[in-house]
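Peer 1: One-letter residues, chain by chain:
2 protein chains.
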Amino acid sequence: MTMLDTTHDASLQSWVPSANAADTDFPVQNLPFGRFSPKDGAQTMRIGVAIGDQILDLRAAGLADSDDMHTLMSAEASERQALRSKISQGLRLGSAQQATWANALIPMAQATLELPCEIRDYTDFYTGIHHATAVGTLFRPDNPLLPNYKWVPIAYHGRSSSIGVSGQKFFRPSAQTRNPQEDAPVLRPTQRLDYELELGVMIGIGNVSGDAIPIARAQQHAFGLVLLNDWSARDVQAWEYQPLGPFLAKNFASTISPWIVTMEALAPFHAPWTRPAGDPQPLAYLDDASHRAHGAFDITLEVFLQTEKMRETGLAHERLSSSNYRDAYWSVAQMIAHHTVNGCNLRAGDLLGTGTQSAPEPENAGSLLERTAGGRNPVTLKNGEQRIFLQDGDSVTMRAHCEREGFRRIGFGECEGTVLPARS
Amino acid sequence: MTMLDTTHDASLQSWVPSANAADTDFPVQNLPFGRFSPKDGAQTMRIGVAIGDQILDLRAAGLADSDDMHTLMSAEASERQALRSKISQGLRLGSAQQATWANALIPMAQATLELPCEIRDYTDFYTGIHHATAVGTLFRPDNPLLPNYKWVPIAYHGRSSSIGVSGQKFFRPSAQTRNPQEDAPVLRPTQRLDYELELGVMIGIGNVSGDAIPIARAQQHAFGLVLLNDWSARDVQAWEYQPLGPFLAKNFASTISPWIVTMEALAPFHAPWTRPAGDPQPLAYLDDASHRAHGAFDITLEVFLQTEKMRETGLAHERLSSSNYRDAYWSVAQMIAHHTVNGCNLRAGDLLGTGTQSAPEPENAGSLLERTAGGRNPVTLKNGEQRIFLQDGDSVTMRAHCEREGFRRIGFGECEGTVLPARS
Chain A
129 MTMLDTTHDA SLQSWVPSAN AADTDFPVQN LPFGRFSPKD GAQTMRIGVA
179 IGDQILDLRA AGLADSDDMH TLMSAEASER QALRSKISQG LRLGSAQQAT
229 WANALIPMAQ ATLELPCEIR DYTDFYTGIH HATAVGTLFR PDNPLLPNYK
279 WVPIAYHGRS SSIGVSGQKF FRPSAQTRNP QEDAPVLRPT QRLDYELELG
329 VMIGIGNVSG DAIPIARAQQ HAFGLVLLND WSARDVQAWE YQPLGPFLAK
379 NFASTISPWI VTMEALAPFH APWTRPAGDP QPLAYLDDAS HRAHGAFDIT
429 LEVFLQTEKM RETGLAHERL SSSNYRDAYW SVAQMIAHHT VNGCNLRAGD
479 LLGTGTQSAP EPENAGSLLE RTAGGRNPVT LKNGEQRIFL QDGDSVTMRA
529 HCEREGFRRI GFGECEGTVL PARS
Chain B
129 MTMLDTTHDA SLQSWVPSAN AADTDFPVQN LPFGRFSPKD GAQTMRIGVA
179 IGDQILDLRA AGLADSDDMH TLMSAEASER QALRSKISQG LRLGSAQQAT
229 WANALIPMAQ ATLELPCEIR DYTDFYTGIH HATAVGTLFR PDNPLLPNYK
279 WVPIAYHGRS SSIGVSGQKF FRPSAQTRNP QEDAPVLRPT QRLDYELELG
329 VMIGIGNVSG DAIPIARAQQ HAFGLVLLND WSARDVQAWE YQPLGPFLAK
379 NFASTISPWI VTMEALAPFH APWTRPAGDP QPLAYLDDAS HRAHGAFDIT
429 LEVFLQTEKM RETGLAHERL SSSNYRDAYW SVAQMIAHHT VNGCNLRAGD
479 LLGTGTQSAP EPENAGSLLE RTAGGRNPVT LKNGEQRIFL QDGDSVTMRA
529 HCEREGFRRI GFGECEGTVL PARS
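Taken in sequence, the protein lines are chains A and B.
Residues in the first sequence are numbered from 129 upward in steps of one, following the numbering used here.
Residues in the second sequence are numbered from 129 upward in steps of one, following the numbering used here.
Incorrect hints may appear among the rest.
Below are the EDC-like pairs computed for lysine to aspartate or glutamate, each with C-alpha atoms no more than 20 Å apart in a straight line [as the list claims (entries may be wrong)]:
# : chain 1 : residue 1 : chain 2 : residue 2
1 : B       : K278      : A       : E446
2 : B       : K214      : B       : E242
3 : B       : K278      : A       : E246
4 : B       : K278      : A       : D311
5 : A       : K278      : B       : D195
If we take Cβ atoms under 10 Å as the criterion, some of the chain A residues that face chain B in the derived model are [claimed, not checked]:
# : residue
6 : V364
7 : I516
8 : Q519
Keep in mind that the hints were calculated from the coordinates and are not lab data.
Glycine included, C-beta positions come from ideal geometry on N, C-alpha and C.
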């Protein structure tokens, strides 16, 4: 567990006024990293830190030698903490750096936020047991939770090329689907387009091929977390997923938030990691005392929807559900320890999705498939519109934040994406 | 289909003597691309073309501006053909370039062959129907070939970080496995380590997200083919693969050959693409007349094994099986058209595995799982040793070549890998 230090003091204020607003996701206690391109187009992609509604350009502030995010991410923990300390001190009220760093600030509104780093391998886990059970019931009514679920942090490899940053727009995908009454599959636009509410772990320090990362050190290899929307075409998935797992059902688009909230920023929000009574205890490579004490994270996750009609009538996004990452069956450290136990090498810039994080109750499910019980119970929005699955023009926004008595609230910013009509 | 031109003339000879040897994989008709580092260590990684037992350094020969293989691979077809023509002419007997290009040659024995390009996304298909049927019988005796197989070119996303080049050595992986008589899984070294004989398609020209690649143009997006050994831990796979597919069973190591044999070099070896009588015809996005006429490739594939004992007693690799890529159920063009039909974007450097290519008869299966019928019928080697699955110290080599009356034989070089004992 990362130690708490003065960068976490709730009393800290910044000389950037917007960072002191009660509702900002980016107070001086957060300091998430990302990449941006100034909208004036004169400069190439830069790396920066979000502070209120501003971005501190790290190279302009003399805090980085290059704009290579992988290098920054793969620094040793002590270096990362030193950098965080330096940034925190420089952005605090009364800092001697204010005069010079003020020139290294760019308003977020004048920048295009990019993917926070080049994504290398993308792995998607399945750590939400409420999701796994609910989806399992729909795909395999007799056999919802398979015998391996409580032993193995189940995962599959995903597609990196189609991962976009918040603001991503994608065409409704077409692929083969086969309805129960049909003799043969048909190529057509998906009729069961869904979102999946996930967090993504951005790997910082990698490991050499053959070297398993022990659970005790696993979290040091995580650089931070982002929000992840793992868009899914359920009808495509149902037809294609046997025997090798989802493919075209998931690889047309995945959206992440632009700011990586670091493990250091999340340090106050650790929670005990527990197993429900009666469930098997994990194998030793997935378990230790420190992990039990601190292995989970208390992060509130929310999904919002804005239909085209809502947009046209000036209605803001409406919240569909809220869940908490504390409820995940497998933790960040367990995902990393499991992924590498066979010697598989992780690299800076790898992304590990947590899988859909649903709350135990169906109305707080992290996907429409679960929320509507496979399409049987439509969601009715405040303006009277109904949804079973996503319609063209729908915009889905995910948000996350951490709150704890005695600490400043920090947030993840937004992960938004919009469905465009299928191409003819 | 790529047109034949003078670069394919069987009568061409090279001023590099070893390229004219009857048994070379790299005559002047082949000209595969790869990357290498001179063993003297003075230079960084370069790109080159294999010719006999030599490498032509493309930048030293004035044929490339940089050592960025992705740029070379993503050139338009006409540019690629022009480059091939220029290299072919310069390496022919009597070429005016001989005097200058002789200085751009480096003996292969003095170079370390690297991955032919940085691998971006890796997708592994399942196009070998004999393999799918044989493996399906072992995993699901009642239901070997699932209903989607003859409609969907089944695939899953694989792991890029652990792909190595021929010569790769890896530790026997440990992971959770659960034997039938056990109450709980155990973390232990795999007892059912296998190889899988595949070809890999290296993508050259990518596509923009949202743009499906039509079957008629699909093959233009392939830059060339390599050999691929998709090492697999069968006991790990059996325990973990439901419901999202293989993960730790495959991501510890995959090995490819160092030279990309281009689609231009393979042009003489196209074959008609056919469906067995009674099988469904593919959907329109996977089918057209030209594809039926030329969509397959006649490529002989072979697997060889050398045990530690054979190595100690001076015995060469022994051939275990031979199959032909002509027998694949889905073609290169169909893999590309299917992968992108939902708008998924491919990029230069993506690798698409064909899945295991087994011949119809069990003794020519492309994996030990099939070859031994799940471990029931051990393979007996000439020195009396037996194998059910791979043992520590085993070296597996794959080779491939194309032969056709009236054309020069071309080969793929070697794809070799060695199993090291599990780490304690």
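Peer 1: Indicate, hint by hint, whether the structure satisfies it.
Peer 2: Verification of the hints:
Taking the CA atoms of B/K278 and A/E446, the gap is near 43 Å; set against the 20 Å cutoff, the hint is violated. Of the pairs offered as hints, the one joining B/K214 and B/E242 is violated, with about 24 Å between alpha carbons and a cut-off of 20 Å exceeded. Restraint check for B/K278 and A/E246: not satisfied, since their Cα atoms lie roughly 36 Å apart, outside the 20 Å limit. Restraint check: the Cα-Cα separation between B/K278 and A/D311 comes to about 13 Å, which is no more than 20 Å; the hinted pair holds.
Taking the CA atoms of A/K278 and B/D195, the gap is about 48 Å. The hint is violated against a cut of 20 Å. A hinted interface residue such as A/V364 counts as satisfied when its beta carbon comes closer than 10 Å to some beta carbon of chain B; here the least separation is about 7 Å, so the hint holds. This hint is violated: A/I516 has a C-beta 21 Å from the nearest C-beta of chain B, more than the 10 Å allowed. At about 18 Å, the closest approach between the beta carbon of A/Q519 and any beta carbon in chain B exceeds 10 Å, and the interface hint on this residue is violated.
When each numbered hint is compared with the structure, violations occur for hints 1, 2, 3, 5, 7, 8.
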